[in-house]
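Visitor: Spelled out, the chains give:
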Amino acid sequence: MTEPHDERSTGRAADADDPVWLAARLAEAQEQLAATREILSVLARSSTSEADVFEAVIDNARRLCRGQAALINLSATEGYRLVSAKGLPSEYAAFAADHLVPRGRGTLTGRVAIDRRTHQIDDVLADPDYNLPEFQRLGGYRSIIAAPMMVDDEVVGVLTVWRTSVEPFDEHSRALLTTFAEQAALALRTVELFSELEARSAELARKVDEREALAEVGQAISSTLDPDEVLTTIVEHAVELSGADGGSLMEYDEERGLFRVRTTYGTSAVVRTRLKTVRIHVDESFVGRAASTGIPVQVHDLAEVELDPHLRVLADGGWRSLVVIPLVRPDRIVGALVVRRLTPGAFSEETCDMLTAFASQSAIALTNARLYEQLELQRRELATTSQHKSDFLASMSHELRTPLNAVIGFSEVLLERMFGDLNERQADYVQDILDAGRHLLALLNDVLDLSKVEAGRMELDVTTFPAVDAVQSVLALVRERAAAHGVEVRYDPAGAPDQITADELRLKQVLLNVVGNAVKFTPAGGTVTLRVWTDGPEVLITVSDTGIGIAESDRSRIFDSFQQGTRSASSSEGTGLGLTLTRRIVELHGGRMWLESELGVGSTFGLALPRQEQPGPVEGWTEPALDDARRTVVVIEDDPSSAELVGVHLAAAGLRPVPVRTGEEGLAAIRALRPTAVVLDIHLPGMDGWDVLSTIKADPALAATPVVVVSVLPERGRGFALGASDYLVKPVSKEGLLGAVWRALAERVDRTSERRHAVVIDDDPAALELVRATLEPQGWTVTTCSGGAEALAVIREVNPSVVLLDLLMPDVDGFEVVDALRADTRTAATPVVVLTAKTLTAADRHRLQGRIEFVASKGELDLSWLATRLTQVAAGGATGGAS
Amino acid sequence: MTGPSVLLVEDNPRNLKLARDVLEHAGFAVTAVGTGEEALPAALAARPDVILMDLQLPGIDGHAALGRLRADPETAGIPVVAVSAFAMQADRDRAMVAGFDGYLMKPISVRDFPAQVREHIRAVGGAP
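Protein sequence lines, in the order shown, are assigned to chains X and G.
Okay, so the first sequence: first residue is 741 according to this note's numbering, each after it adds one.
Okay, so the second sequence: first residue is 240 according to this note's numbering, each after it adds one.
Here chain X stands alone, though its shape is the one from the complex (with noise of 0.2 angstroms):
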């Protein structure tokens, strides 16, 4: 092989001066380069069989290695097979289609297999060794050459030119077939790894779908509630995936031992009605013995085998062939899935695979299911059971309401002396059977109250009002009995908030609970503290006494149901609810309660509510405040879902509607539960709307209350005029009810109290008491100050409605605030009304002209008529000048 290296560096020099033999070489060059690009751009292109690639390969091979012939053999089982020629008498074409070329080294493609290198003979007749006398007859061949095909180290085939004549392959040749065959490998090795790629994907793509599949069904299970429609995807997706007609999807009920159809697909109706009939029990069908070995089973043919009730069933409906798959929980089987088709035959190990894993999918599908059908039959009977506790709480509360009515009624009939007098000890028994009646009857309060609570019932209707209100009513409750007790009761206000936000009934039944139980358990001589304060986002309060205390063991147990501790000595005669309710309403507030106790010190019971934001203007309205009977909202509509829209507008509102659904009940209920205001529509049946309106303004009883027309008519005018307060056209948005209740309330609210303030400046604390006795009662407003200075100070604050001034104070007098007042453009219109015991003179009355309302002498003042002029004043119709 160093020959023609050889030749080519020897030759060099003389050659490169001979253009003959370069344009030769050049030419050849180009033709090599030009073959092997058509071969490689037949190789890029044929990714999917190597015929196109060996076609070429055999073209060029042939050509450029100027042979008769140029063939490739592929190595077979047991020698070498042609697959592909070029030049090839037809003779031998046949007998090659039918022979293989042997191994070994008496043939030219098995010497180049072993050795696994190029090689050629000169001349096939003169090798001693060659042996392959029919293929050379046929062939005609005399020299020829041949190269190994290799892929991964191993010789597939082998690339053949032969020449009819003895004429040896030079080296070039040698060379280029050496390449050829490599394309030509190279060609076999690409369609190799493209199949074997394809044949991946196509795995893949299967993989893909069974993922997706299992995607879905995981997705069918977490979305729905409804268990037969998980286990229906379930059993779909398998059958369609694993290619089959039909399936169903048994549940096992392990108690009895038998499998139930849950659901069917792909399943005729006459045959899924059978197969829920029909039973399937564990041990005694096939489906049960299959499940119970924990992997799939199969029936290739069902006209083959045994039948039981079940699988006769199937073979009814046409079914050939099926697959269990057991569904199994850890260590239990909790149903089979059973994928069938219409023809007989195995089912893959691949559709195996897969339906085993859509089988651990319906498993938990299965097991939740079962799981929310018990759940679902819990709510079902817990919702019963609370309507039954409901009902009963309700008729006990009346049928023990009706005997204690006589218990407490007679007790004190007897108590009252009505009938006459009672002796000492007959007057304590008779205390002591009211005192019992009234017992029972606050348990029975108590009870209903608490069972509110835990069905979720007790609404509270929560409002703003000044805190010191509740405190001091629960006060007055409780100082009656403290006193007799000989226990001192004291109210610490440092730090209390004007106001508190909570439901203000509530609130009282709970300090009058914790105060009183604080009196009970405290010894005579002691004293029991309740404190209100503010301390960021919440209101505290606390009831401090210098009781027993309460034993560390009995404090967590405290606010349970029937827990008295051991501090009860004696006279138990709370319901043993009262801390359990309690804590209960203020956690209702959203508020906690805790408890600090010390034995034989005292005990401290603590309470914090939030502070809740007062409503803000929204939209141009305001809420007024309202107090609880005032937030009754009469709704007079005949269409239910009308009425209950606003019902819940106005409910979420804080207010209480009542529905109705003629005009003649709405002005009964309105006559009967004077509401806060009336939202009427005129569309009624029977009366009309107009007629109510025209009626409740007729009637000097009901024409202050502020009615609210929602109505489809148009009619805005005539609502105005009959009296409304507002009109709105259906459809009505929330906001719009209840801006329109809203400030029709507000209006009420303002009309009816009349902003009376009245500051009220003497030195002579008689005098300011005596106008402040006369005026509060009659709804006013009274800030007193005891001169000249502070009082302009006061008056610049709280803007009264009149000022009520002395003229002979010791700092600044009357004319001087009088004065101070008119140069001041916020007070410059602000009534003064002059109370003095001075008489003035002349130059007094010079200076007061026009610059107050009138003058009212001290000595002779008729106070009733004093209030009446007062009340012109501030409404603005005192006309100014003095008396």
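There may be inaccurate statements among the hints.
Derived, one-sided and incomplete: chain G residues facing chain X with beta-carbon distance under 7 angstroms [stated by the list, open to error]: (1) H264; (2) K345; (3) I347; (4) V349.
The hints are simulated quantities; they were obtained by calculation from the structure and are not laboratory data.
Just so we're clear, the structure is a prediction, and the values are computed from it rather than from any experiment.
Heads up, the beta-carbon is just placed ideally off N, CA and C, and yes, glycines get one too.
Chain G: place on chain X using the hints.
Guide: Just chain G, lined up with the frame of chain X:
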């Protein structure tokens, strides 16, 4: 001097006796019946200034008895006050919407009861 007259409709004998004794002691002239059916004939006969009606009665209940009283022009104007052991706010609302003039809950307060009843007579202006 004859006091105001009242018709009691109450099926429980003890509670009837209590109300009767307390009201008579306060100077009322008391007539009583034990069923809703008897209410209308008794009202027509006695023409009371006020009727006190238990809500749960054997036969027709207090609401139905009220309906009959309101349907008869002779008795339609007589104030009718419910006296009931039903303790829920909803019971009270239902009664007020149905047209009762008032709602007193049992147990009654013996001390306040006569005044509470008298208030309803005054409210309608039927009493001296």
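Visitor: For each hint, tell me whether it holds in the structure or not.
Guide: Here's how the hints hold up against the structure:
1. Here the hint on G/H264 is kept, as its CB sits about 5 angstroms from the closest CB of chain X, short of 7 angstroms.
2. With a least beta-carbon distance of about 4 angstroms to chain X, the hint placing G/K345 at the interface is held under the 7 angstroms criterion.
3. For G/I347, the interface hint holds, the least distance from its beta-carbon to any beta-carbon of chain X being 6 angstroms, beneath 7 angstroms.
4. Of the supplied interface hints, the one on G/V349 holds, with its beta-carbon coming within about 4 angstroms of a beta-carbon of chain X, less than 7 angstroms.
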